[in-house]
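**Q** Sequence order for the protein chains is A and B.
Residues in the first sequence are numbered from 1 upward in steps of one, following my numbering.
Residues in the second sequence are numbered from 1 upward in steps of one, following my numbering.
In short, the hints are calculated from the structure, not lab data.
Take the hints with a grain of salt, since some may be wrong.
Said to hold, decoys possible - Taking lysine-lysine and the DSBU-like style, the derived pairs with C-alpha atoms no more than 30 Å apart in a straight line are:
#, chain 1, residue 1, chain 2, residue 2
1, A, 48, B, 239
2, A, 48, B, 238
3, A, 246, A, 270
4, A, 270, A, 190
5, A, 385, A, 368
6, A, 70, B, 238
7, B, 48, A, 66
Take a look at the letters that make up each chain.
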Amino acid sequence: MPAILRMESVCFQYPGREVFHGLTFGLEEGEVLGLIGPNSSGKTTLLKLMDGLLNPRRGKVFLEGKDLRKVPRREVARKIAVVPQEMEAPFSFTAGEIVLMGRAPYMGRFGWEKQRDLKIAREGMALTDIAHLEKRPFAELSQGEKQRVLIARALAQEPRVMLLDEPTSHLDINHQVEINGLIRSLNVEKNLTVMNISHDLNLAAEYSHRIVLLSSGSIYAMGTPSMVITEENIRRVYETMVMVEKNPVSGAPRVTPLARAKMEKAGLQKTIHIICGEGSGADSARRLLLRGYRVSLGVLNIGDSDEKFGKALGLTMALEEPFSPISERAYRENQGLIEKADLIIVERFLVGHGNLANLKAAIEALKKGKRVVVLENGLQYDFTKGEARGCYQWLQEGGAEFITDHSLILKEVEKV
Amino acid sequence: MIFLAACLAGVGVMAVSLGAVSIPLSKTWAILFHHFFGAVSPGAGDAKDSSIILDLRLPRVIAGALVGAALSVAGSVLQALLRNPLADPYILGISSGAAVGAVLAILFGLGATILGSYAVPGAAFTGALFTLLLVYFIARVEGRVPAQTMLLTGVIISAFFSAIIMFLISATSDERLYSVTFWLMGNLEYVASQALGVIFIYLLSGSAVLFSLAKDLNLISMGEETASELGVEVERVKKTAFIFTALITGAVVSVSGLIGFVGLAVPHLTRMIWGPDHRFLIPASALLGAMVLILADTIGRTVMAPSEVPVGVVTALGGAPFFVYLLRRKRLAGNP
Chain A
1 MPAILRMESV CFQYPGREVF HGLTFGLEEG EVLGLIGPNS SGKTTLLKLM DGLLNPRRGK
61 VFLEGKDLRK VPRREVARKI AVVPQEMEAP FSFTAGEIVL MGRAPYMGRF GWEKQRDLKI
121 AREGMALTDI AHLEKRPFAE LSQGEKQRVL IARALAQEPR VMLLDEPTSH LDINHQVEIN
181 GLIRSLNVEK NLTVMNISHD LNLAAEYSHR IVLLSSGSIY AMGTPSMVIT EENIRRVYET
241 MVMVEKNPVS GAPRVTPLAR AKMEKAGLQK TIHIICGEGS GADSARRLLL RGYRVSLGVL
301 NIGDSDEKFG KALGLTMALE EPFSPISERA YRENQGLIEK ADLIIVERFL VGHGNLANLK
361 AAIEALKKGK RVVVLENGLQ YDFTKGEARG CYQWLQEGGA EFITDHSLIL KEVEKV
Chain B
1 MIFLAACLAG VGVMAVSLGA VSIPLSKTWA ILFHHFFGAV SPGAGDAKDS SIILDLRLPR
61 VIAGALVGAA LSVAGSVLQA LLRNPLADPY ILGISSGAAV GAVLAILFGL GATILGSYAV
121 PGAAFTGALF TLLLVYFIAR VEGRVPAQTM LLTGVIISAF FSAIIMFLIS ATSDERLYSV
181 TFWLMGNLEY VASQALGVIF IYLLSGSAVL FSLAKDLNLI SMGEETASEL GVEVERVKKT
241 AFIFTALITG AVVSVSGLIG FVGLAVPHLT RMIWGPDHRF LIPASALLGA MVLILADTIG
301 RTVMAPSEVP VGVVTALGGA PFFVYLLRRK RLAGNP
């Protein structure tokens with residue numbers, strides 16, 4: 001099937017933050033696509049690029065083969081309708097007036113809505129169950145009602161493609177099912193192409209033909225729901241342990257988060273020492289603290305973001321002066337903390353001559369029979385001409401546990 | 001709309017009959033009727049009354065109508081563009097900017113050149129547009145124009161331009177600026193009837209363009225992204241609207257001086273009564289604004305007759321409390 005909306009090697013950045021670097025991806029005519037991914041993975045940005053609300057820095061977006069930037073907005077609005085997460089109206093337009101605004105791309109510069117426009121708007125309102133709200137001021141509606149008004153407005157645009165940004169996040173289960181059913185039936189009856197951003201993995205799995213899993217600005221996985229929504233993929237991208245099984249009714253994958261179930265058993269009075277820097281330790285520390293473990297950090301330079309994190313939470317830390325290499329004193333302090341710990345974690349941080357001693361401390365610990373867990377691929381830049389790499393090799397050969405990501409930390413800790 | 005137009009006509013006639021010398025309504029009717037339709041009416045022969053009405057009061061009432069209409073249209077358009085119910089040409093400092101332009105034009109004697117009566121409104125327009133863009137770019141934070149920054153910017157710009165005007169007045173001994181101080185209070189006393197035609201042309205063409213954007217303004221008031229999603233070429237509409245708002249504001253400020261709060265209050269009143277649709281709001285605000293300013297000026301002329309209170313003082317006395325009321329309303333507190 002041809003792609004009705006296609007992005008080709010799109011690069012995009014907000015000031016100081018790159019979001020996409022060469023993303024290529026197509027929305028195929030007649031499909032329902034679920035777009036999932038953790039917070040700030042770029043889902044909403046992707047949607048805005050696809051509607052031309054944002055312009056790519058490099059690369060292009062094509063609507064039915066035409067460069068989106070060259071298509072007049074009016075024409076775009078007849079083909080693509082967007083349902084935003086929310087909208088504020090500073091003036092007291094009624095719900096009915098807002099829905100009628102969906103007819104704007106079909107109207108002339110002057111004049112009022114015609115009978116036909118009213119009919120289409122009312123139809124949209126009936127389908128989204130808001131006919132009774134027509135005369136109510138939009139600003140006074142509940143979040144769920146507002147969402148349905150925005151969906152009705154999108155329907156009034158009579159689009160060929162609908163892009164929805166978490167359209168059912170504020171809806172009760174009844175309306176959630178109804179709206180998803182409505183979208184599916186429009187897809188079947190009118191061949192409406194749909195892209196749906198969702199935080200609800202189960203809903204996405206249930207209602208999508210195809211799922212795209214976005215992870216920090218690139219497509220991590222794409223395919224049928226059962227291909228994409230797997231324990232492994234979800235764990236890697238969301239850094240959360242989940243169980244995936246088949247929904248006995250629909251056959252779609254069903255996701256159950258696991259972390260919470262074991263919460264109560266934690267708090268085992270164990271101490272974990274984290275060797276980190278530049279903010280690399282905060283993730284593990286937070287996970288461990290929430291489960292009731294004691295956490296110490298070191299050696300950190302004063303002013304380092306991990307140091308600030310630890311200070312804010314009152315953690316025990318081995319510290320060194322700002323921008324100074326690790327001194328003998330700090331090294332020993334760190335060893336003291338390692339001595340007291342049940343497990344040592346080595347995070348991914350930059351290693352130079354100044355903090356090479358941190359890796360040496362980990363080796364020392366391993367030699368003394370401590371359990372050491374190392375985050376894989378930690379050494380992206382080696383500023384020590386191979387010495388750090390040597391240390392990593394040492395750790396590996398010496399029997400340290402290498403793990404791929406933070407979601408596995410708790411599992412490792414529980415083994416102690 | 002017809003009802004509003006009829007009300008405006010009624011208010012106009014009433015305003016003409018009131019003043020230091022009170023002329024009965026029936027006589028006023030007769031004189032006006034005679035003047036416009038040529039019919040012979042009893043009592044129309046009274047030359048003195050006829051002169052008061054036709055030469056003194058009628059131009060002034062018309063000026064009031066034009067100024068009120070322009071400021072109200074400008075106010076409603078700015079409120080939509082900035083998505084902010086507290087916007088108006090006076091609060092944003094646009095009127096002050098126009099005044100600087102006008103004062104400079106008067107000082108350099110442009111009013112006496114071939115450009116004549118077009119030059120001063122033209123200079124005021126330039127000042128207004130410059131200020132509008134200045135306020136917009138200073139107050140904008142990540143694509144939005146939040147109420148607080150916008151109001152602060154407006155206050156600062158107003159103060160700055162007022163200082164420039166005061167400086168110009170104190171630095172020159174030009175007689176022509178003698179009346180400027182009074183003019184700055186907002187005054188319809190010195191409006192020359194020859195200027196009315198020019199102002200009318202500016203107002204009519206400017207308002208017509210703004211009216212043609214009414215539907216787009218509805219959508220822009222929902223947010224620029226929403227408008228773009230629904231087919232509006234947002235940047236183009238914004239540019240056009242800014243330019244023509246500055247044009248009509250500049251035109252009327254050049255003759256009336258600084259009149260505050262009309263552009264703020266009238267769109268609000270109109271919205272309260274007839275709803276926020278700009279296809280209705282713009283013309284209705286124009287008519288209601290004309291009425292409000294005629295009334296304010298009539299009050300100014302009559303309360304302390306034969307001496308006068310400048311109309312800007314009247315609108316500020318009535319408008320400032322209204323502004324406070326709007327500011328205090330709960331719904332506005334969280335709005336951008």
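**Q** The structure should be examined with respect to each hint, and the outcome stated for every one.
**A** Structure-based check of each hint:
1. Restraint check for residue 48(A) and residue 239(B): satisfied, since their Cα atoms lie roughly 23 Å apart, inside the 30 Å limit.
2. Note on residue 48(A) and residue 238(B): the hinted pairing holds, with a Cα-Cα distance of about 21 Å set against a maximum of 30 Å.
3. Only pairs whose Cα atoms come within 30 Å are accepted, and residue 246(A) paired with residue 270(A) is rejected, the gap being roughly 37 Å.
4. Annotation: proposed proximity of residue 270(A) to residue 190(A) is violated, straight-line Cα distance about 60 Å (limit 30 Å).
5. Proximity of residue 385(A) to residue 368(A) is assessed by CA-CA distance (about 27 Å); at most 30 Å being required, the pair is judged to hold.
6. Annotation: proposed proximity of residue 70(A) to residue 238(B) holds, straight-line Cα distance about 20 Å (limit 30 Å).
7. Of the pairs offered as hints, the one joining residue 48(B) and residue 66(A) is violated, with about 73 Å between alpha carbons and a cut-off of 30 Å exceeded.
Taken one by one, the earlier hints fail for this structure at numbers 3, 4 and 7, listed in ascending order.
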